[in-house]
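Asks: Assemble the complex: chain F is given as a structure, and chain D must be docked to it using the hints.
Just so you know, the sequences run in chain order F and D.
The UniProt record's numbering puts the first residue of the first sequence at 1, with every later residue one more than the last.
The UniProt record's numbering puts the first residue of the second sequence at 1, with every later residue one more than the last.
Fair warning: there could be bad hints in the mix.
Stated by the list, open to error - So the derived label-pair ranges between C-beta atoms look like this:
(1) F:Met1 with D:Val64: 44 to 54 Å
(2) D:Tyr68 with F:Gly12: 38 to 48 Å
(3) F:Arg82 with D:Gly32: 51 to 61 Å
(4) F:Gly12 with D:Ile149: 39 to 49 Å
(5) D:Arg22 with F:Gly157: 43 to 53 Å
(6) F:Val134 with D:Ile149: 31 to 41 Å
(7) F:Gly198 with D:Asn155: 15 to 25 Å
(8) D:Asp15 with F:Phe13: 16 to 26 Å
(9) F:Met1 with D:Thr154: 30 to 40 Å
Unchecked claim - No farther apart than 25 Å at their CA atoms in a straight line, the calculated lysine to any residue pairs in the SDA-like style are these:
(10) F:Lys104 with F:Lys118
(11) D:Lys127 with D:Glu145
(12) D:Lys127 with D:Ala19
(13) D:Lys127 with D:Glu44
(14) D:Lys73 with F:Tyr185
(15) F:Lys74 with D:Leu201
(16) F:Lys74 with D:Pro122
(17) F:Lys158 with F:Pro121
(18) D:Lys57 with D:Ala205
(19) D:Lys49 with F:Pro130
(20) F:Lys92 with D:Lys49
(21) D:Lys73 with F:Pro121
(22) F:Lys118 with D:Ala19
(23) D:Lys49 with F:Ala109
(24) D:Lys49 with F:Asn111
(25) F:Lys92 with F:Glu102
(26) F:Lys179 with F:His45
(27) F:Lys179 with F:Gly84
(28) F:Lys20 with D:Asp187
(29) F:Lys158 with F:Pro203
Hints are computed from structural coordinates only; laboratory data are not their basis.
Every residue, glycine too, gets a C-beta built ideally from N, C-alpha and C.
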Amino acid sequence: MNGPQDLGGQMGFGPVAPEKDEPLFHADWERRALGLTIAAGAMGHWNIDESRHARESLHPADYYSSTYYEIWIKALEILLERHGFVSVQELKEGHSLGKGTEPKRVLKAENVAAVLAKGGPCDRPVAAPPRFKVGDRVRTHNFSPQTHTRLPRYARGKSGRIEAVRDGFVFPDTNAHGKGENPQYVYTVVFPATEIWGDEADPTLTVSIDAWENYLEPA
Amino acid sequence: MPHNHDDHHHDNELDPMAARVRALETILTQKGLVDPLAIDAIVETYETKVGPRNGAKVVAKAWVDPEYADWLKRDATEAIASLSYTGRQGEHMQAVFNTPDTHNLVVCTLCSCYPWSVLGLPPVWYKSPPYRSKAVIDPRGVLGEFDLILPATTNIRVWDSTAELRYLVVPMRPAGTEGLSEGQLADLVTRDSMIGTGLALAPGAA
Numbered sequence: 001m002n003g004p005q006d007l008g009g010q011m012g013f014g015p016v017a018p019e020k021d022e023p024l025f026h027a028d029w030e031r032r033a034l035g036l037t038i039a040a041g042a043m044g045h046w047n048i049d050e051s052r053h054a055r056e057s058l059h060p061a062d063y064y065s066s067t068y069y070e071i072w073i074k075a076l077e078i079l080l081e082r083h084g085f086v087s088v089q090e091l092k093e094g095h096s097l098g099k100g101t102e103p104k105r106v107l108k109a110e111n112v113a114a115v116l117a118k119g120g121p122c123d124r125p126v127a128a129p130p131r132f133k134v135g136d137r138v139r140t141h142n143f144s145p146q147t148h149t150r151l152p153r154y155a156r157g158k159s160g161r162i163e164a165v166r167d168g169f170v171f172p173d174t175n176a177h178g179k180g181e182n183p184q185y186v187y188t189v190v191f192p193a194t195e196i197w198g199d200e201a202d203p204t205l206t207v208s209i210d211a212w213e214n215y216l217e218p219a
Numbered sequence: 001m002p003h004n005h006d007d008h009h010h011d012n013e014l015d016p017m018a019a020r021v022r023a024l025e026t027i028l029t030q031k032g033l034v035d036p037l038a039i040d041a042i043v044e045t046y047e048t049k050v051g052p053r054n055g056a057k058v059v060a061k062a063w064v065d066p067e068y069a070d071w072l073k074r075d076a077t078e079a080i081a082s083l084s085y086t087g088r089q090g091e092h093m094q095a096v097f098n099t100p101d102t103h104n105l106v107v108c109t110l111c112s113c114y115p116w117s118v119l120g121l122p123p124v125w126y127k128s129p130p131y132r133s134k135a136v137i138d139p140r141g142v143l144g145e146f147d148l149i150l151p152a153t154t155n156i157r158v159w160d161s162t163a164e165l166r167y168l169v170v171p172m173r174p175a176g177t178e179g180l181s182e183g184q185l186a187d188l189v190t191r192d193s194m195i196g197t198g199l200a201l202a203p204g205a206a
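Next up, chain F with everything else stripped away, as it sits in the complex (with noise of 0.2 Å):
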């Protein structure tokens, strides 16, 4: 969709302004944020695709008001409301009003290492070959779906070169919506500044994304 989240270009936000001997955190509650949307992650309801869905799919001025963890809160409620965890009124009243969604797991704190160390590695077999080998040029599409995708704005029906060829990975256009992880390769396609920008940009300027194969058409 073309939300908030779908920065890659957009002006007027200011300076970037890294912070010197940044914290960690910068409060207490961000900590417990940071938990809570691992922990409630790993009940395992909801994928990491329908997770960020929930978080561009927040109001722009919502989104651009707000730090990552509040966006990150903010959308860990609408997550759990949608699937039958917690309810509007029990998010108001501050405590539970009885049984929701039955968890398919609960992560505790002696699996914690465990969990993390796995992680949640999103590659899985293709059976086809690929559609394009290293240099191939390619043109990637001009769409604007309402729904999840991962090909920026910035960079639709644009050309350029297949840099490297990369595993089979689940299609989040289709996994952020209960559609199936329908996965398939993804492919670095990098772009001249000129290509994207226009014949102003700097020439020394190169931008790669990581585009899934649907993303793509030969050129």
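Replies: Positioned in the frame of chain F, the structure of chain D alone reads:
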């Protein structure tokens, strides 16, 4: 008599986000959906075990061991796993090497993808709109904000992590470090140098 603003402040009052997160944790704990001790363990992992020192050790090893550097280039996931750095947001790694001709910079324009297994949790600026918007269109301007001015002839390569690959920049080894041990070299490798918004430190500057 006018109130002093401070009169309204009570130390035991939670700000809105603190209250909201505490409410959510309370509900989920009461329902048996999360274990507060698991949350503690997650936080402790990223506060004490998983951080940019992991990545610095990978880079220092690549500097002193050409075979390891070659492995890191070909299969970063396995080469990094050989040092026991694995897991969440490091499942699919790619190392990109700076050279005298090309400087690499990593961004996630769509969210906040970051190689947690080697760098830990991302800084706020990495996740914020100014960096995410500007890195792909004006990387030299971004680098200037980090006081990094590269020659106009240096090629800049920006990697937008739009899929599940996570990128680790391997900065160039600083001059004058021939006699240093791997551990001393690792001290020169900053977090920012592994994102591309910095360079490795000169010896004596660590």
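Asks: If a hint holds in the structure, say so; if it doesn't, say that too.
Replies: Against the structure, the hints come out as follows:
For Met1 (chain F) and Val64 (chain D), the hinted distance range of 44 to 54 Å is satisfied, since their beta carbons lie about 47 Å from each other. With their beta carbons about 44 Å apart, Tyr68 (chain D) and Gly12 (chain F) fall inside the hinted range of 38 to 48 Å. In this structure the supplied range 51 to 61 Å is violated for Arg82 (chain F) paired with Gly32 (chain D), their Cβ-Cβ distance being about 19 Å. For Gly12 (chain F) and Ile149 (chain D), the Cβ-Cβ distance of about 24 Å falls outside the hinted range of 39 to 49 Å, so the restraint is violated.
A hinted range of 43 to 53 Å holds for the C-beta pair Arg22 (chain D) and Gly157 (chain F), which are about 46 Å apart. Between Val134 (chain F) and Ile149 (chain D) the beta carbons are some 33 Å apart, a value that agrees with the proposed interval 31 to 41 Å. In this structure the supplied range 15 to 25 Å holds for Gly198 (chain F) paired with Asn155 (chain D), their Cβ-Cβ distance being about 19 Å. Distance hint check for Asp15 (chain D) and Phe13 (chain F): the Cβ-Cβ separation is about 24 Å, which falls inside the suggested range of 16 to 26 Å.
A hinted range of 30 to 40 Å holds for the C-beta pair Met1 (chain F) and Thr154 (chain D), which are about 36 Å apart. The hinted pair formed by Lys104 (chain F) and Lys118 (chain F) meets the criterion: a straight-line CA distance of about 18 Å does not exceed 25 Å. For the given pair, Lys127 (chain D) sits about 16 Å from Glu145 (chain D) by alpha-carbon distance, which is consistent with the 25 Å threshold. This hinted pair checks out: Lys127 (chain D) and Ala19 (chain D) have alpha carbons roughly 23 Å apart, not beyond 25 Å.
The hinted pair formed by Lys127 (chain D) and Glu44 (chain D) meets the criterion: a straight-line CA distance of about 21 Å does not exceed 25 Å. Our distance criterion of 25 Å between C-alpha atoms is met by Lys73 (chain D) and Tyr185 (chain F), whose separation comes to about 20 Å. As the CA atoms of Lys74 (chain F) and Leu201 (chain D) are separated by approximately 39 Å, the hinted pair breaks the 25 Å bound. Simply put, Lys74 (chain F) and Pro122 (chain D) have alpha-carbon atoms about 19 Å apart, close enough for the 25 Å limit, and the pair holds.
Only pairs whose Cα atoms come within 25 Å are accepted, and Lys158 (chain F) paired with Pro121 (chain F) is rejected, the gap being roughly 29 Å. For the hint pairing Lys57 (chain D) with Ala205 (chain D), the CA-to-CA distance comes to about 18 Å; that is within 25 Å, so the pair holds. Restraint check: the Cα-Cα separation between Lys49 (chain D) and Pro130 (chain F) comes to about 38 Å, which exceeds 25 Å; the hinted pair is violated. In summary, the hint linking Lys92 (chain F) to Lys49 (chain D) is not supported, as the alpha carbons are separated by about 36 Å, beyond the 25 Å threshold.
Pair hint Lys73 (chain D) plus Pro121 (chain F) holds up; C-alpha atoms about 20 Å apart against a cutoff of 25 Å. Distance restraint check for Lys118 (chain F) and Ala19 (chain D): the Cα-Cα separation of roughly 32 Å exceeds the 25 Å cut-off, and the hinted pair is therefore not satisfied. As the CA atoms of Lys49 (chain D) and Ala109 (chain F) are separated by approximately 16 Å, the hinted pair is consistent with the 25 Å bound. Proposed proximity of Lys49 (chain D) and Asn111 (chain F) is supported: the alpha carbons are some 16 Å apart, at most 25 Å.
This hinted pair checks out: Lys92 (chain F) and Glu102 (chain F) have alpha carbons roughly 21 Å apart, not beyond 25 Å. Our distance criterion of 25 Å between C-alpha atoms is met by Lys179 (chain F) and His45 (chain F), whose separation comes to about 14 Å. Straight-line distance between C-alpha atoms of Lys179 (chain F) and Gly84 (chain F) comes to about 19 Å, which keeps the hinted pair within the 25 Å bound. For the hint linking Lys20 (chain F) to Asp187 (chain D), the alpha-carbon distance of about 18 Å falls within 25 Å, and the restraint holds.
With a C-alpha separation of about 17 Å, the suggested pair Lys158 (chain F) and Pro203 (chain F) falls inside the 25 Å cut-off, and the hint holds.
The structure fails to meet hints 3, 4, 15, 17, 19, 20 and 22 from the earlier list, while all remaining hints are met.
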